[in-house]
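Undergrad: As a plain string of letters, each chain reads:
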Amino acid sequence: MTSFVIRRLLLAIPTLLVMLTAIFVLVRLVPGDAASVILGDQASAASLAALREKLGLDQPVHLQYLAFIGKVLTGDLGQSLSSGRTVISEVLLVLPSTIELTVASVAIGLVLGLPLGVAAALSRNGWVDYVARVVSLVGLSFPAFVSGILMLIVFAIQLGWFPVLGNTSGSGGLAERFRALALPALNLGIIMTAYVMRVTRAAMLGVLTEDYIRTARAKGVGPGQLVVTHALRNSLIPIITVVGLYFGTLIGNSVLTEIIFNRPGLGKLILGALNARDYTLLQGLMIIFAICVIVVNTLTDMAYGLVDPRVKYS
Amino acid sequence: MSAVASTAVDIRPGGLWLAFSQNRLAWIGLVLLALIVLVAIFAPWLAPYDPLEQNIVARLEPPSAEFWLGTDAYGRDVLSRLIYGARISLFVGFVAILIAMLIGTAIGVLAGYVGGLFDQIVMGVLDVLLAFPTLLLGLMIAAMLGASLDNLIIAIAVTEIAPFARVARAPTITLRQRDFVEASRSYGCGPFRIMFRHILPNMLSDVVVMSSLWLASAIRTEASLSFIGLGVPPPAATWGGMIREGFENILDAWWLAVFPSLAILATVLALNLLGDALRDASDPKSRAR
Chain V
6 MTSFVIRRLL
16 LAIPTLLVML
26 TAIFVLVRLV
36 PGDAASVILG
46 DQASAASLAA
56 LREKLGLDQP
66 VHLQYLAFIG
76 KVLTGDLGQS
86 LSSGRTVISE
96 VLLVLPSTIE
106 LTVASVAIGL
116 VLGLPLGVAA
126 ALSRNGWVDY
136 VARVVSLVGL
146 SFPAFVSGIL
156 MLIVFAIQLG
166 WFPVLGNTSG
176 SGGLAERFRA
186 LALPALNLGI
196 IMTAYVMRVT
206 RAAMLGVLTE
216 DYIRTARAKG
226 VGPGQLVVTH
236 ALRNSLIPII
246 TVVGLYFGTL
256 IGNSVLTEII
266 FNRPGLGKLI
276 LGALNARDYT
286 LLQGLMIIFA
296 ICVIVVNTLT
306 DMAYGLVDPR
316 VKYS
Chain S
14 MSAVASTAVD
24 IRPGGLWLAF
34 SQNRLAWIGL
44 VLLALIVLVA
54 IFAPWLAPYD
64 PLEQNIVARL
74 EPPSAEFWLG
84 TDAYGRDVLS
94 RLIYGARISL
104 FVGFVAILIA
114 MLIGTAIGVL
124 AGYVGGLFDQ
134 IVMGVLDVLL
144 AFPTLLLGLM
154 IAAMLGASLD
164 NLIIAIAVTE
174 IAPFARVARA
184 PTITLRQRDF
194 VEASRSYGCG
204 PFRIMFRHIL
214 PNMLSDVVVM
224 SSLWLASAIR
234 TEASLSFIGL
244 GVPPPAATWG
254 GMIREGFENI
264 LDAWWLAVFP
274 SLAILATVLA
284 LNLLGDALRD
294 ASDPKSRAR
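As they're listed, the protein sequences go chains V and S. Residue 13 in the numbering used here sits at position 8 of the first sequence, with consecutive numbering throughout. Residue 178 in the numbering used here sits at position 165 of the second sequence, with consecutive numbering throughout.
Worth flagging that the hints you see were computed from the coordinates, not collected in a lab. Be aware that one or more of the hints could be misleading.
Derived DEER-like restraints, expressed as beta-carbon distance ranges [as the list claims (entries may be wrong)]:
1) V/Y70 with S/F209: 29 to 39 angstroms
2) S/F205 with V/A51: 10 to 20 angstroms
3) V/V108 with S/A86: 35 to 45 angstroms
4) S/F205 with V/P65: 33 to 43 angstroms
Here are some, though not all, of the chain V residues that point toward chain S, as calculated from beta-carbon distances under 8 angstroms [said to hold, decoys possible]:
5) M24
6) L25
7) W132
8) L145
9) F147
10) P148
11) I158
12) L164
13) W166
14) L213
15) G253
16) I293
17) A295
18) I296
19) V298
20) V300
Computed from a predicted structure; not experimentally measured. The beta carbon of each residue, even a glycine, is placed where N, CA and C say it ideally should be.
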């Protein structure tokens, strides 16, 4: 087990290097160069040269690359051009709020998606199955900001059940915090539900025709226990894979959701960096997203062994 | 050679058509998509007003007999902008997917045919690209290049290259060992002739079937980037951009955001229904389910 974990962590290193290289190349794609983009057209030659030196842009590209990798590996993501604070501290400031949103929506997705998927598989081609499939397809078709805006209009503005501006201060009682979280979490949770439901249904359909299910039924195992301990347990691997893979999309969608529901978080930070042309902050955020994706993928791989003892850690 | 049978798609019109025509949802998707494409093509004849014409007297008018879907903050007709917006969404989506298909398929076939270390490196890099959230990748590229039609297309195309390469690679690996490929090699065909004349036609249907689903994803990304402000710059009418403007007036003019939202939803849903049906029809395993 330990050696598997170590090997899996070592595998993440080349992945991280590829991502960092891609981000490095991407930032160099800025038309003109970063210094003139940051300072605008009116900047004097002297201030341009000063900024180029500060950003290391006067160095040859391969030295810039090595310096970039070196800094990232030592945890130095640079300073935000607009606020002057380090990228890390900017991120740490808003990270709890994004994590809160992400965890809540994954929880909603699992709580709604698993039973729905099981029900659809059990009533295959019946009306429950049909409705669940159509609903999940609609859920998958919603771009996160579209469903977010529609929910905002209906539940917050027309019905007035939820605050329109969200919890911008980050303070307030637990109930108030929960009310502010409800709509954004539901917005992402519904999309998550659609994914989980779809894969649960497909996995359950595959498992339910297996011989050992028939054997269990013949032995007199009740329908509830049959589904939960026999069928569902063996469907968990594809479900975990989907939840893991979806995590990246979830981060992307949370950007849009945070903007719409006016929540503090990584999404609002990205939008602010875009509007302020804060390229170091943008670059730092991309690196952090890349690391998040790699960590989740690695954890997903490790989770396989926990649910399925047949997966060998070798 | 039985592995080939499971990857090769039955593209004889009869087989695919039969499976497709029995799927009610596929018909809904097809009709919906055809309607949207027709609206985009005939936009100048269908739109009641000029989508860019401002009318300060009629600002933020709710839906009425005169303006069916209301007017925006500049007094522009929402219905006309919606109709013209279909052109940009579909155009950007189609062109981006076409570019991604050309590049991605070429990479996939090349990696699958050459194999070895080259294959491992190329697919390793693409897997990393695949793991990165589509929206964030597109956002990053569009932000770095600047907001314009060309850059938007490039950004979306890049996000969709990796899936095409994956789908093109798998059948290439099985096809390159087939007897007819071996035969053409012994006749003296060069590798590029084999790849393009012998392997490509045999796996193209896999790629085409998937492209409908990825077109849905491309259109979703386009709308999202336009909403963030990285799409085709104003005053052009784009669905994502209209929602962005509607969002700024969300407290007193709900119609600005709602109608373009429904248009995006309908387009993506139509493509997903169609793509699902095509995939099911071409895959006997999922058809049985």
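Undergrad: State for each hint whether it applies.
TA: For each hint, the structure was consulted:
Between V/Y70 and S/F209 the CB atoms are about 36 angstroms apart, so this pair conforms to the stated range of 29 to 39 angstroms. A hinted range of 10 to 20 angstroms is violated for the C-beta pair S/F205 and V/A51, which are about 53 angstroms apart. The beta-carbon spacing between V/V108 and S/A86, approximately 38 angstroms, falls within the hinted interval of 35 to 45 angstroms. Look at S/F205 against V/P65: about 36 angstroms separates their beta carbons, and that is inside 33 to 43 angstroms.
For the restraint placing V/M24 at the interface with chain S, the shortest Cβ-Cβ distance is roughly 6 angstroms, inside the 8 angstroms limit, so the hint holds. Taken as an interface hint, V/L25 does not check out: its beta carbon lies about 10 angstroms from the nearest beta carbon of chain S, beyond 8 angstroms. The beta carbon of V/W132 comes no nearer than 14 angstroms to any beta carbon in chain S, farther than 8 angstroms, and the hint placing it at the interface is violated. At its closest, the beta carbon of V/L145 sits 6 angstroms from a beta carbon of chain S; the interface hint therefore holds under the 8 angstroms criterion.
Evaluation of the V/F147 hint against chain S yields a held restraint, the C-beta minimum of about 6 angstroms falling below 8 angstroms. Hint on V/P148 holds. Least Cβ distance to chain S is approximately 5 angstroms, under the 8 angstroms limit. Hint status for V/I158 relative to chain S: holds, with the closest Cβ pair at about 5 angstroms, below 8 angstroms. Violation of the interface hint for V/L164 is found here, the shortest Cβ-Cβ separation to chain S being roughly 12 angstroms, above the 8 angstroms cut-off.
A cut of 8 angstroms between beta carbons decides the hint on V/W166: the least distance to chain S is about 16 angstroms, and the hint is violated. Among the interface hints, the one on V/L213 is violated; its C-beta lies about 11 angstroms from the nearest C-beta in chain S, farther than the 8 angstroms criterion. Residue-level restraint check for V/G253 holds (minimum Cβ-Cβ distance to chain S is 4 angstroms; threshold 8 angstroms). The beta carbon of V/I293 is not positioned within 8 angstroms of any beta carbon in chain S (closest approach about 11 angstroms), and the interface hint is therefore violated.
About 7 angstroms separates the beta-carbon of V/A295 from the nearest beta-carbon of chain S, less than 8 angstroms, and the hint is met. Checking V/I296 against chain S by beta carbon gives a least distance of about 11 angstroms; that is not within 8 angstroms, so the hint is violated. With a least beta-carbon distance of about 5 angstroms to chain S, the hint placing V/V298 at the interface is held under the 8 angstroms criterion. For V/V300, the suggested interface contact is broken, since its CB lies about 11 angstroms from the closest CB of chain S, more than 8 angstroms.
The earlier numbered hints that this structure contradicts are 2, 6, 7, 12, 13, 14, 16, 18 and 20.
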